[in-house]
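In terms of the UniProt record's numbering, the sequence shown opens at residue 1 and continues consecutively.
Honestly, the hints are just simulated from the structure, not real lab data. One thing to keep in mind: the hints can contain errors.
Stated by the list, open to error - Computed spacing ranges between beta-carbons, pair by pair:
1) Asn270 to Ala208: 50 to 58 Å
2) Val195 to Lys325: 29 to 37 Å
3) Lys113 to Lys210: 23 to 31 Å
Said to hold, decoys possible - Straight line, CA to CA, 27 Å or less: simulated BS3-like cross-link-like pairs of lysine-lysine:
4) Lys57 to Lys347
5) Lys24 to Lys44
6) Lys348 to Lys113
7) Lys146 to Lys57
8) Lys90 to Lys361
In this text, all values refer to a predicted model and were calculated from it rather than measured experimentally. For glycine and all other residues, C-beta sits at the position ideal for the given N, C-alpha and C.
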Amino acid sequence: MSPDEKFKLITRNLEEVLTEEELKSLIESGTPLKHYIGFEISGKLHLGSLFTLLKVKDLQDAGARTIIWLADLHSAINDKLDGKLETIQKAAKGYFTEAFKALFISIGGNPDKLIFKLCSETYAQNPDFWLTLLEIGKTTTLARTKRSITIMGRGELDDNIPTDKLFYPIMQAADIFLLDINIAHAGLDQRKVHVIARDSANQVKTHALKDNKGNQIKPVAIHHPILLSLTGLPQNVQGEKDEIAMKSKMSKSKAGSGISIHDSPEDIQNKINQAYAPEGIIENNPVLNWTKYLVFYEPNFDFTIKRPEKWGGDLSYSSYEHLEKDYAEKKLHPQDLKAALAEWLIKKLEPVRKYFEDPTKKALLDFIILL
């Protein structure tokens, strides 16, 4: 694969690259590509994780080493699951690892190529991590750290919030250097912490990032779009674009906003049928958003929408742009699109459902469900 082909594969379907010039230079230099994406350990995975792994597969196909960072300490800081580190670690090494493998299989990836790392174990193996944390902390103001707390799905800190929340953004930035990552990957909602990492890069000495010529470099940051909540965008949403993304994305804690990778075909159909999708309206339409970023992730996909002959018969689309145009012109009805999207999702998640039919895997899922 040529450098140009690698660049196009890595950057397709992204919201932002910081920066494209640096990524091109990194690829053309022949420096081994080292990627990571971090995940908090909370409830059952939803379709946002599937979308994320589509980009991980792109990076693997472009020759990058890909790390799935199981952020157990970050999850404890953010009060996930029951808040106990032992519970979070058990979920990370059990259910979460297997769920990511199952999802990767469902998109045609090889799970054996995924590198899983548990945060607490990696910190214990690298005690000089804390020096990197201090180096980044010295270059980051308290005000900036407090503004960055939005990456945790929270508003900015006030004086009544526990101090441990302040550690989170700096820890996340330091993880990039500890893992020797030159391509940091996340949704747009994590943008603030990646900018901290980039702005601090030249001051980091303990785990400095270097290219294959020994030059110190900044990590490239790639941000994929956010899958919108099925309930639609909240009214009067304001803030920077990463904060708007955080407020508008699907959430495990918001009923009806998303789909779990374990949902039954009936549940998937019901949730999609109830999704916000006003006829002829393109902006902030979650059904169109999911169709664009999931169904049409791969170019030249032929998407058939079944309709009775009395309503004009089946429709076939080989591009999202054509589908969106028909929707805007009310040639494609929301219910017909919803039915086709639900059918596509049911088929895509079938390998996941089968994977967790294994009694050992099912026990891991049951552990999460019972928390």
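Here is what the structure says about each hint:
Checked against the hint of 50 to 58 Å, the pair asparagine 270 and alanine 208 passes, with Cβ atoms roughly 52 Å apart. Look at valine 195 against lysine 325: about 36 Å separates their beta carbons, and that is inside 29 to 37 Å. Separated by about 24 Å at the C-beta atoms, lysine 113 and lysine 210 satisfy the suggested range of 23 to 31 Å. Between lysine 57 and lysine 347, the direct Cα distance comes to roughly 19 Å. Compliance with the 27 Å bound is thereby established for this hinted pair.
The straight-line distance between the Cα atoms of lysine 24 and lysine 44 is roughly 36 Å, outside the 27 Å bound, and the hint therefore fails. For the proposed pair lysine 348 and lysine 113, the alpha carbon gap of about 21 Å is at most 27 Å, so the pair holds. Note on lysine 146 and lysine 57: the hinted pairing is violated, with a Cα-Cα distance of about 33 Å set against a maximum of 27 Å. For the hint pairing lysine 90 with lysine 361, the CA-to-CA distance comes to about 13 Å; that is within 27 Å, so the pair holds.
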